[in-house]
Amino acid sequence: MTAEATVLGAGVAGLAVARALTARGAGVRVIDPAGGPGPAACSWWAGGMLAPFCEGETAEEPVVRLGREAAAWWRAAGVPVTKAGTLVVAPGRDRAELDRFARRTHGHAALDRAGLAALEPALADRFAGALHFPDEAHIAPRAALETLRDGLAEAGTPVEPEGTPEGTVIDCRGLAARDLLPDLRGVRGEMAILHAPDITLRRTVRLLHPRHPLYVVPRGDGIYMLGATQIESGGRGPASLRSVVELLNAAYALHPAFAEAEVLEIGTDARPAFADNLPRVFRQAGRIHVNGLFRHGYLLAPALARMTAGLLLDGETPELSR
Amino acid sequence: MPVFYGTEIASPLMLGTAQYPSPSVMEAAFRRSGAGVATVSLRREAAGGQGGPFWDIIRGLGVPVLPNTAGCHSVREAVTTARMARELFDTDWIKLEVIGHPDTLQPDPFGLVEAARILCEEGFKVFPYTTEDGILAGRLLEAGCEVLMPWGAPIGTGLGLNNLYGLRTLRAQFPEVPMVIDAGMGLPSHAAQAMELGYDAVLLNTAVARAGDPAAMAEGFARALDAGRLAHAADPMEPRDMASPSTPVLGLAVLE
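Protein chains in written order, with our numbering: chain A, 3 to 324; chain B, 15 to 270.
Keep in mind that the hints are not guaranteed to be accurate.
Output of the computed footprint for chain B on chain A, the stretches with three or more beta carbons under 8 angstroms from beta carbons of chain B [said to hold, decoys possible]: (1) 226 to 238; (2) 306 to 315.
Over the 12 angstroms line for every Cβ pair with chain A, so calculated as not near, a few chain B residues [claimed, not checked]: (3) A24; (4) S25; (5) S55; (6) D70; (7) P250.
Simulated from the structure, these hints should not be mistaken for laboratory data. Ideal Cβ placement from N, Cα and C applies to all residues, glycine included.
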């Protein structure tokens with residue numbers, strides 16, 4: 003059987019698109035030179051936050067609206083979704099940052115120290131209050147990619163390391179697609195994975211800081227992901243000492259118990275982004291491009307996959323086209 | 015309009031290019047405000063090597079680019095960064111920052127003079143980020159700087175003009191030197207005040223980039239700068255303690 007479409011790239015965008023097309027009965031192939039999800043994809047290094055409301059602090063409106071589709075989509079894909087909300091805190095001298103964050107976002111409630119203690123006791127002696135976004139969630143990104151990959155393989159669509167594309171090419175190569183999309187830019191991010199059994203956090207925590215904002219996503223078993231820097235550069239080389247110091251310092255500011263953590267990984271990659279930091283689904287020179295997911299891969303891949311299926315199978319113009 | 019090293023710029027508003035929600039928002043802020051210069055922090059953004067779409071966007075703003083050595087804590091770092099900037103942006107302009115303290119981001123006056131001397135000798139047109147200290151200003155001019163950029167308040171604080179007396183004195187001490195208030199701006203009124211004191215331009219980033227609507231805030235600053243510039247040129251009245259009727263008795267109309 004000839005496939006109707008061939009997806010290039012097995013990062014979060016490619017796998018989500020392949021799943022959406024397969025779910026609608028289309029024959030699909032997925033080609034990625036890495037042979038599957040892995041460190042070559044920037045989604046491998048992501049936080050996995052499904053936090054549309056918090057992202058609304060700086061992101062455009064579609065991110066907040068479309069991101070709300072994400073949690074249900076991932077759950078339907080068989081990925082465990084931890085819906086424990088997000089907490090946003092600020093050190094005492096940066097309390098004004100918390101007010102500012104509250105003004106720019108919605109879907110939150112203010113917690114006092116007692117309210118914070120009820121959710122995350124570890125933070126209550128560190129912070130006098132917090133913003134709580136109860137409807138936000140997080141997933142474990144690497145496991146999520148592997149679940150998508152396995153689901154596709156079971157449905158007869160394994161990720162192939164090479165091959166000749168059949169049908170419409172759906173280009174989900176991320177930053178590698180700069181050969182065809184010169185206005186795509188890289189936004190470098192650096193992250194760390196820590197083993198910190200001395201501290202218990204059950205939900206994503208964002209620390210507001212005018213210079214070094216940080217988020218911590220619990221992965222369970224005392225493992226935490228710290229992210230992430232945001233640097234206007236397509237460089238994917240090793241993390242700089244400065245970035246690592248800033249990340250780890252911010253973690254220490256969140257809780258001194260992080261000082262005892264083991265540093266399991268320091269990762270770096272560059273996120274693909276267009277000038278307005280919004281993703282796009284569009285046809286160009288015979289192929290469909292799904293790209294520019296910026297720091298919203300797991301949050302927006304479900305909506306983009308839906309739009310891509312609509313474009314390919316129903317001829318619908320995607321909302322985020324160009 | 016201000017003239018720096020022989021180049022006249024189109025607006026006294028000098029805008030930074032960091033911290034915007036996206037490059038599109040940054041472009042909108044420049045467009046709407048008509049800002050005359052774009053400052054670019056080089057240190058970290060250059061990690062990926064030269065070129066790239068972000069640089070293209072900055073070049074595409076169509077205004078002179080003033081690279082800076084933001085975040086440099088030593089003479090050596092600052093000098094290296096300046097040389098890198100010259101290659102990357104093909105300009106000999108450099109905003110020189112040598113930071114003396116990590117919390118206050120206060121300039122290190124000694125390192126600043128040393129780095130300024132080295133860079134001026136290498137043919138750079140140096141815009142030193144300095145304090146309102148007049149002695150330091152003199153040393154920077156001796157080192158070859160032809161523009162001074164005293165702070166309003168520490169970087170990113172939004173506190174406005176912290177030392178009015180010092181800034182007024184500095185302005186009076188070097189009336190012929192183009193001077194830019196750099197850093198500490200929070201509101202357009204701060205920028206207007208800087209122009210009322212007779213400064214030639216204002217450089218800011220955070221107050222615009224981190225506003226809820228950066229383009230609107232940028233326009234607000236541009237208008238405030240105009241207001242302040244007009245007021246300074248119009249020779250404002252001197253403040254006085256006693257009330258003074260705006261219509262003196264002698265001027266009253268006599269009704270017959």
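Verification of the supplied hints:
1. 226 to 238: holds (count 6)
2. 306 to 315: With 0 residues closer than 8 angstroms to chain B, the segment 306 to 315 of chain A misses the three-residue bar; violated.
3. A24: Check passes; 23 angstroms lies beyond 12 angstroms.
4. S25: 23 angstroms, holds
5. S55: Violated, since 9 angstroms does not exceed 12 angstroms.
6. D70: 8 angstroms, violated
7. P250: 33 angstroms, holds
In summary, the structure is inconsistent with hints 2, 5, 6 from the numbered list given earlier, while agreeing with the others.
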